[in-house]
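S.K.: Chain by chain, the residues run as shown.
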Amino acid sequence: MTVLATLTITGITVGSVYGLIALGFVLLYKSTGVFNFAYGQIVVLGAFICYALAVQAGLSFLLAIPLTLLLSFFLGFVIERLFMRPMIGQPLLGIIMMTIGLVSLLRGIILAGWPTVQDIYPAYLPEAPLSIGGILVPQVNFWAFVVASVLVAAFAVFFRFTKVGMAMRATAEDEQVAQTVGVNVERIFGLSWAISSTVAALAGILLATLLFLSINLEAIGLFSLSAVVVGGLESLLGAVIGGVIIGLVEQFSEGYLGDLVPGIKMVAPYVVLLLILIIRPYGLFGYKRIERI
Amino acid sequence: MRLPCGTFNETYDQDMAIVRTKLQWVLLILGLFVSLLLPLFAGDHVLSVIIIIMIYVIASLGLNILTGYCGQISAAQAAFVATGAYTSAILVTKVGLPFWLAVPSAGIITGLIGLVLGGPSLRIKGLYVIMATLAAQFIIMFVITRWKSFTGGTIGYAAPAPMLWGITFNTNRSYYYIVFVSLLVMTFIARNLVRTQVGRAFVAIRDDDLAAEVMGINVARYKLIAFFVSCAFAGVAGSLWAHWIRFIDPQQFTLAHSVRFLAYIIVGGLGTTVGPFFGVFFIELLMEGLSVSFSTLASYVTGVTSYLFASKEFLFGLIVVLFLIFEPRGLAHRWALFKAAYRLHPFTR
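Protein chains in written order, with our numbering: chain A, 1 to 293; chain B, 1 to 349.
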């Protein structure tokens, strides 16, 4: 019973970090229609920038985290302006390859900037774990869950009720139509990339606090892609629920099958992904597109 | 194919010919001649680079059929190369099949595995196909890593050098000929497949799958054929790789390699048979040049070699990004422009 409960709680909290990563991803997809494979690298870069500010430059985390978020916001703008703007109107493969090219570019930057860093953040949250119903939960897991939940709610409101949010949705639906009704599509694209990168950096900081700091974190970024597809590409709530599902699958497979098949938690999310693609290709909460000729 | 001034196709055979004019024949024979004599002059390192390039070209030709012609983007080509490599090595060592049979068998078995993993792509398209192949990449490599009794797991698996008529092909010089002949055969297949009815069906599916279906093309069937062919090419490439490097381990077939195959065909030019050649040669020679310049630089600046990996990664990304922005149709398009300029020489710039 306690094993089950522990796995569930860990799964949900780890999953909510995946969900948070997935959230920024869906945000971008929802507003620009770009499936960003370089997202995992932006997450890792965010974690490294925070490391550089807080540990290498010696700032306090209270200052370093907002500064990281600000830098990531501009990073998103720059990426959009330099690399994604020329790709507007190009075929899907071109856009996807552009993001894959960005994967290598950003990896190159991370590897050149922090060639040998394999570290953990110094503790900036209280050490004592919280107790939820008798089960001890580390502070960072709890905060990841809280941040993810708050952001989902905030973005849901943002997309539904604000003018910019609606303009983003319109742009994703049809760039040309959005332009004809007066939406500044280029500005929307830049803003979407900036917001998405900010969420990525936040997720990266939480992830590095939760686990460790290394270039290998980008594998987690790929996990979140499966969370996105499981949840449905257009759904914010779906992203978080998908993240939690992936987190639970990971924890349960490790907890119950880990002794039989070591390392199964690295592949179980992809098995779920393949199954979802066979059964419900548009994800749990995605739109089912009906095509006409 | 456009022809030089004054050359007209008068028979159906002439219309279908790939090598049409006398100049093309001369160039082809000259090219073959040079390629066959190359091992006698080139050094060992140069030969190993060329062998790697040729093996990658075979795998990219396959990926180009799936992605460039049929429009199904696959991020699992390296995993299928791995499947071919392990299948071939196991067939030779455990079943006792000769190398000459193991290469085509590895191709066919990999193709069949590709059919299974390509199955989910029948219901989905575009982005979701990438996600499905991404999952396939991880699942295949997981199975290879964990099935220790069969594949050696993370330690790796030894594959013997091929033997024929008492000759062991264990040097770069001798192995070059095996890879070269395989490359010729695979290029011949790839070039001819895409201009048959099957190839035209692929293009129709790529351009609009719904319209293709309305015109009576069995989309599911042709998608599966494309997956089979692509994976069979990967299998052959993997088999050649295994018996050349003679020790395979999962680190040689990661997601990064799959991405690299995609980059080859993008840089080379999608949906052309020359594309993979241009792409692989261009990227691999640049990477090789970077390695060489770093090793020269290392004697002047200390500690520079630790940045080699990062620079390779960065340069690779930069090539892909620049090509997508400035020449999305790839080097094959530049080559076509050059040929047209040559053909029309006095009349255009």
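Honestly, the hints are just simulated from the structure, not real lab data. Keep in mind that this is a model prediction, so the values were computed, not measured. We put the beta carbon where it would ideally sit given N, CA and C, even for glycine. Among the clues, some could well be false.
[As the list claims (entries may be wrong)] Using 30 Å as the maximum straight-line C-alpha spacing, the simulated DSSO-like pairs for lysine-lysine come out as follows: (1) B:148 <-> A:265; (2) B:22 <-> B:312; (3) B:22 <-> B:94; (4) B:339 <-> A:265.
[Unchecked claim] Calculated from the model, a selection of chain B residues having no Cβ within reach of chain A, i.e. all distances over 12 Å: (5) 11; (6) 19; (7) 39; (8) 75; (9) 133; (10) 143; (11) 182; (12) 187; (13) 245; (14) 282; (15) 301; (16) 319.
S.K.: Each hint needs a verdict: does it hold in this structure or not?
M.R.: Verification of the hints:
As the CA atoms of residue 148 (chain B) and residue 265 (chain A) are separated by approximately 18 Å, the hinted pair is consistent with the 30 Å bound. Distance hint between residue 22 (chain B) and residue 312 (chain B) is unfulfilled; the C-alpha atoms sit about 42 Å from each other, more than 30 Å. Restraint check: the Cα-Cα separation between residue 22 (chain B) and residue 94 (chain B) comes to about 49 Å, which exceeds 30 Å; the hinted pair is violated. With a C-alpha separation of about 53 Å, the suggested pair residue 339 (chain B) and residue 265 (chain A) falls outside the 30 Å cut-off, and the hint is violated.
Once the 12 Å rule is applied to beta carbons, residue 11 (chain B) is consistent with being away from chain A; the minimum gap is 38 Å. Every Cβ of chain A is farther than 12 Å from the Cβ of residue 19 (chain B); the closest lies at roughly 31 Å, confirming the non-interface assignment. No beta-carbon of chain A comes within 12 Å of the beta-carbon of residue 39 (chain B); the shortest separation is about 33 Å. With 12 Å as the threshold on Cβ separation, the claim that residue 75 (chain B) sits away from chain A is violated: the shortest Cβ distance comes to roughly 9 Å.
Its beta-carbon lying about 10 Å from the closest one in chain A, residue 133 (chain B) breaks the requirement of being farther than 12 Å from that chain. Its beta-carbon lying about 9 Å from the closest one in chain A, residue 143 (chain B) breaks the requirement of being farther than 12 Å from that chain. In this structure residue 182 (chain B) is separated from chain A by more than 12 Å, as the shortest Cβ-Cβ distance comes to about 28 Å. Non-interface status of residue 187 (chain B) relative to chain A is upheld: no Cβ of that chain comes within 12 Å, the nearest being about 23 Å off.
Listed as outside the interface, residue 245 (chain B) is consistent with that label: its C-beta sits roughly 24 Å from the nearest C-beta of chain A, beyond the 12 Å cut-off. No Cβ of chain A comes within 12 Å of the Cβ of residue 282 (chain B); the nearest lies about 15 Å off, and the non-interface call holds. Non-interface status of residue 301 (chain B) relative to chain A is upheld: no Cβ of that chain comes within 12 Å, the nearest being about 15 Å off. A cut-off of 12 Å between C-beta atoms contradicts the statement that residue 319 (chain B) is not in contact with chain A; the least separation is 8 Å.
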